[in-house]
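Residue numbers (my numbering), protein chains in the order written: chain A, 52 to 665; chain B, 2 to 371.
Keep in mind the hints are simulated off the structure, nothing from the lab.
None of the hints are false.
These stretches of chain B come out as covered by chain A in the derived footprint (C-beta under 8 Å, 3 or more residues):
| # | segment |
| --- | --- |
| 1 | 123–137 |
| 2 | 300–313 |
Over the 12 Å line for every Cβ pair with chain A, so calculated as not near, a few chain B residues:
| # | residue |
| --- | --- |
| 3 | V21 |
| 4 | S52 |
| 5 | T140 |
| 6 | R146 |
| 7 | L152 |
| 8 | F248 |
| 9 | R263 |
Derived DSS-like pairs: lysine-lysine, alpha-carbon spacing no greater than 27 Å straight-line:
| # | chain 1 | residue 1 | chain 2 | residue 2 |
| --- | --- | --- | --- | --- |
| 10 | B | K235 | A | K96 |
| 11 | A | K267 | B | K211 |
| 12 | B | K246 | A | K96 |
Ideal Cβ positions, reconstructed from N, Cα and C, are used throughout, including at glycine.
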Amino acid sequence: MNDTDTYLNAVDGNWYRQRLSGTVICVFAVFLVLLARLYYLQIIKGSEYRRLSENNCIRLQSIPPPRGLIYDCHGELIVDNRPSFNVSVVLEDAKNPRRVVTTLAKLLNIGPETLLAKIEEAKGWPSFKPLILARDLGRDAIAVVEAHKLDLPGIMVTVEPMRHYVEGKRASHLIGYLSEISREELKSGSFRDSGIGDFIGKFGVERAFEPYLHGKRGKRQIEVNVLGQCTRILKTEEAIPGNNIYLTLDMGLQRTAEALLVGKAGTALAMDPSNGYILAMASSPAFDSNAFVEGMTFEAWNKLASNEFRPMENKAIQGQYPPGSTYKIVTTIAGLEEEVIDENTKYYCPGYHRYGNRIYRCWKRSGHGFVNIIDALAQSCDVFFYQVGEKVGVDRLARYAKGCGLGVPTGINVDNEAVGLVPTSAWKLRSKGEPWQGGETLSVAIGQGANLVTPIQMVSLVAAVANGGTRYKPLLVERIVAADDSPIHIGMPEPLGRLPASDKTLRLLRTGLVDAVNKRTGTGWIVRLAGSQVAGKTGTAQVVAMKHKEDQNGLESTPFRFRDHAWFVGFAPAEKPRIAVAVLVEHGGHGASGAGPIARQMIKTYLGALKIED
Amino acid sequence: MIDRRLLQHFDWVLLSLALVLGGIGMLTLYSAVNASADMANITGSVHLRQSYWFGIGIAVMVLMLVFNYKWLKRWALAVYAFSLILLVAVAFVGKEVSGCQRWLLIGPFSFQPSELIKISVIILLAGYFSDRVSQEGFTLKDLWRPLVWTLIPFALIARQPDLGTSLILLLIAGSMTIFVKIERRSLLCLSAVGIVVSALAWFFLEEYQKQRIFGYLNPEGDPLGAGYHILMSKIAVGSGMLFGKGFLSGSLKALSFVPEQRTDFIFSVLAEEWGFLGSALVISLYLFVVIWGLNIAVRSREPFGTILAVGLTSMIFWQALVNVAMVLALLPVVGVPLPLISYGGSSVLVTMGAIGILLNISMRRFLFKE
Numbered sequence: 052m053n054d055t056d057t058y059l060n061a062v063d064g065n066w067y068r069q070r071l072s073g074t075v076i077c078v079f080a081v082f083l084v085l086l087a088r089l090y091y092l093q094i095i096k097g098s099e100y101r102r103l104s105e106n107n108c109i110r111l112q113s114i115p116p117p118r119g120l121i122y123d124c125h126g127e128l129i130v131d132n133r134p135s136f137n138v139s140v141v142l143e144d145a146k147n148p149r150r151v152v153t154t155l156a157k158l159l160n161i162g163p164e165t166l167l168a169k170i171e172e173a174k175g176w177p178s179f180k181p182l183i184l185a186r187d188l189g190r191d192a193i194a195v196v197e198a199h200k201l202d203l204p205g206i207m208v209t210v211e212p213m214r215h216y217v218e219g220k221r222a223s224h225l226i227g228y229l230s231e232i233s234r235e236e237l238k239s240g241s242f243r244d245s246g247i248g249d250f251i252g253k254f255g256v257e258r259a260f261e262p263y264l265h266g267k268r269g270k271r272q273i274e275v276n277v278l279g280q281c282t283r284i285l286k287t288e289e290a291i292p293g294n295n296i297y298l299t300l301d302m303g304l305q306r307t308a309e310a311l312l313v314g315k316a317g318t319a320l321a322m323d324p325s326n327g328y329i330l331a332m333a334s335s336p337a338f339d340s341n342a343f344v345e346g347m348t349f350e351a352w353n354k355l356a357s358n359e360f361r362p363m364e365n366k367a368i369q370g371q372y373p374p375g376s377t378y379k380i381v382t383t384i385a386g387l388e389e390e391v392i393d394e395n396t397k398y399y400c401p402g403y404h405r406y407g408n409r410i411y412r413c414w415k416r417s418g419h420g421f422v423n424i425i426d427a428l429a430q431s432c433d434v435f436f437y438q439v440g441e442k443v444g445v446d447r448l449a450r451y452a453k454g455c456g457l458g459v460p461t462g463i464n465v466d467n468e469a470v471g472l473v474p475t476s477a478w479k480l481r482s483k484g485e486p487w488q489g490g491e492t493l494s495v496a497i498g499q500g501a502n503l504v505t506p507i508q509m510v511s512l513v514a515a516v517a518n519g520g521t522r523y524k525p526l527l528v529e530r531i532v533a534a535d536d537s538p539i540h541i542g543m544p545e546p547l548g549r550l551p552a553s554d555k556t557l558r559l560l561r562t563g564l565v566d567a568v569n570k571r572t573g574t575g576w577i578v579r580l581a582g583s584q585v586a587g588k589t590g591t592a593q594v595v596a597m598k599h600k601e602d603q604n605g606l607e608s609t610p611f612r613f614r615d616h617a618w619f620v621g622f623a624p625a626e627k628p629r630i631a632v633a634v635l636v637e638h639g640g641h642g643a644s645g646a647g648p649i650a651r652q653m654i655k656t657y658l659g660a661l662k663i664e665d
Numbered sequence: 002m003i004d005r006r007l008l009q010h011f012d013w014v015l016l017s018l019a020l021v022l023g024g025i026g027m028l029t030l031y032s033a034v035n036a037s038a039d040m041a042n043i044t045g046s047v048h049l050r051q052s053y054w055f056g057i058g059i060a061v062m063v064l065m066l067v068f069n070y071k072w073l074k075r076w077a078l079a080v081y082a083f084s085l086i087l088l089v090a091v092a093f094v095g096k097e098v099s100g101c102q103r104w105l106l107i108g109p110f111s112f113q114p115s116e117l118i119k120i121s122v123i124i125l126l127a128g129y130f131s132d133r134v135s136q137e138g139f140t141l142k143d144l145w146r147p148l149v150w151t152l153i154p155f156a157l158i159a160r161q162p163d164l165g166t167s168l169i170l171l172l173i174a175g176s177m178t179i180f181v182k183i184e185r186r187s188l189l190c191l192s193a194v195g196i197v198v199s200a201l202a203w204f205f206l207e208e209y210q211k212q213r214i215f216g217y218l219n220p221e222g223d224p225l226g227a228g229y230h231i232l233m234s235k236i237a238v239g240s241g242m243l244f245g246k247g248f249l250s251g252s253l254k255a256l257s258f259v260p261e262q263r264t265d266f267i268f269s270v271l272a273e274e275w276g277f278l279g280s281a282l283v284i285s286l287y288l289f290v291v292i293w294g295l296n297i298a299v300r301s302r303e304p305f306g307t308i309l310a311v312g313l314t315s316m317i318f319w320q321a322l323v324n325v326a327m328v329l330a331l332l333p334v335v336g337v338p339l340p341l342i343s344y345g346g347s348s349v350l351v352t353m354g355a356i357g358i359l360l361n362i363s364m365r366r367f368l369f370k371e
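Just chain A, same shape as in the assembly (with noise of 0.2 Å):
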């Protein structure tokens, strides 16, 4: 069969002209709609087009979102926008640009130098769209700007919504900071509503909750008029504001916490245990907030940045610390868990311990003679914990110790969380190429082995040894709404798991952490409380390995950046715990002396205000 066939079989020549003699009417037709669609736009309203393209008077405007505002958990403000007013400059409508800067730069009191600069650092930037010359201008100077209008075409005066933090300094590391959006971000394509010279949230809740906060740009076509002026509101498309956050933080208890720890360099936490609330996270030396969003000069930027005691870190979260004897939590959990010894269990301590050939001295030189479980936890008995250390060994340890979430992120989800240190032979091998020496594994049951904590970690852990077990993810933000209140998140509790403990092991353990502090003997009789009972461990952690004379010497005669830090972890009150505390102190010496009154303290407030007698 070949093509001829088939064409004459099937169809013919005229078949084909009729199916086409429609389409060519359907072509005409369409052909005829574009002519009249030119006919309308180019003759009935082409002269109206015409005076728009030739005024050239159409200019778009971008109205920026106020960003949502940032609470505490009873409401109270923290971060809010204030007005800030503005000059820009729209280059078209300047003409002479140089000229009507200079002119302006006259009128400010400002060097013409700077907003020249801003100029050419521009080049490129569309002639057409306002660029800010001047951020948060006096109300003198604007009203200088606004009598000079005449002299001054193409440069206008906007209000926009600015930054506020509410205490400058308060809650800084946890609430973070604004500032300039970089190239590389912009570049990014993750913040597509944001442009160049847009502030975004670099820090803290304020970068971790950008999407929520940023809100949407609206957007506006005016007329304007030679001058650059507007003349007309052609349409507008409003700017929807961001989500409002409520954090979980209990201002009260933040500016105790903060409060204490002035001229100190240490974090200061607080956690709800039945949820996992953060209800204080204070670090110090801290920073203000404002001055970012003021605009900071490389100057007081470098002395942020050079300062010894880390102002820019927040430490509760990204501070790596040798645990000390608040490790010993862990090595009680391991040793009644792994059967090594159980309550009735009793070592006498003569004030030091012999392995191999070596003697591991007790803190305490005297010794305490024989101890159980809890009289160990109470009295911090290192010589008991080397002889659990031992018999548990260094990675069964290691197992329990990632169990109570140390040495894993607790997924608290702000700022580069760092994830502490958890040692075990296979670690040494790797890291040092050497193989674990079996006296290490004293050293790393009371917390002054390689052994690195986070305070968060801390705080997380002592919360669910308060809690009966269950490990929180730490949280922040207790809800989420929309400038209407129409809630958009709820922070609901994360449990991630259990502790590797029994009821009947954390009893125990309880029972040893309220004796530390209500025992006479207890190494955390200072944090004691009347009318509430205080639970809690100290920690001593070394910086540098030191012959034990320093407590011959006093602390006063130890060179600051050799004295240990001090850690307090512990909760309250013991049978029904309403708050969880971790307090470290930087170089603060004793655990009991400079961490404990501070934990004591932030109890005290908190209990006090929910109205339970002190």
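Starting from the known structure of chain A, arrange chain B on it as the hints suggest.
Below, chain B without anything else, positioned relative to chain A:
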């Protein structure tokens, strides 16, 4: 190979139409690029490139003339497979420009395989339909193969993402199928499926593509984005009035108010500078090309030539229509080049190739028995 009879029947009208449109394109492009001062350093290279492409385009057109177009039917599957391989390659080694991976780099030039696949699909479908065309029309059983051949490149182009070109491909395949007639019940069935699929497709559109459609339906809703482009395009076109502002005198293009002036929105430059008279003339030239193409289809005396000519003509028709309607704010901004006028090598090559094949069909209309 070329005998005298072929030269006697050569279609000078179509050739002239193509060259005139190409010439208008070069002039408009010159004006569009020349306008912005900071573009001065690349003005030369834009022109050089476009004239190179036209040179190659004419060579391709001549190449398309020398053999009997019926050979295309035999090569159809090979050509299709080759284009499809290029299209797949683009997904892996393609050059990315502003978020879209559409181009293959060949030496100093970049090429869009999505343009080539349009012609390949037309040839393949024409070959398939010409063997089976009948008075009753095609049923679903006959249509699944053309459907698959169309949908594979459609999906590949749509995910580049290039919504405009993929829709044009669908429109071409649809026009050809309707031309060869679909049996009644199959037509109903297909339309139902089409409606459901397009409803589902809505969920897979990129946000910016949805924005464009919204911008078209309600330009006031987005004065800064899609609505702004449409408004500026309307102002540019409208301000041309009856006689236009004159060559090189368009004022809106000077400030880069209108986006994509060299490619998708080049018609706005033309309309601003040449006014109603000029733009109506250009639209009429396209109308002329389309009617002439359909005339070639009718005069060809065998089915393959007829259907092939209809397919190629529909390609030029749809592109011109969608592009101009977009510039005139009658359709959403989907990004389709204006054949022979927009800057862009692949489009020029493929359109000149299509013109070449049309000329081929036209001059061999008396020689259908070899």
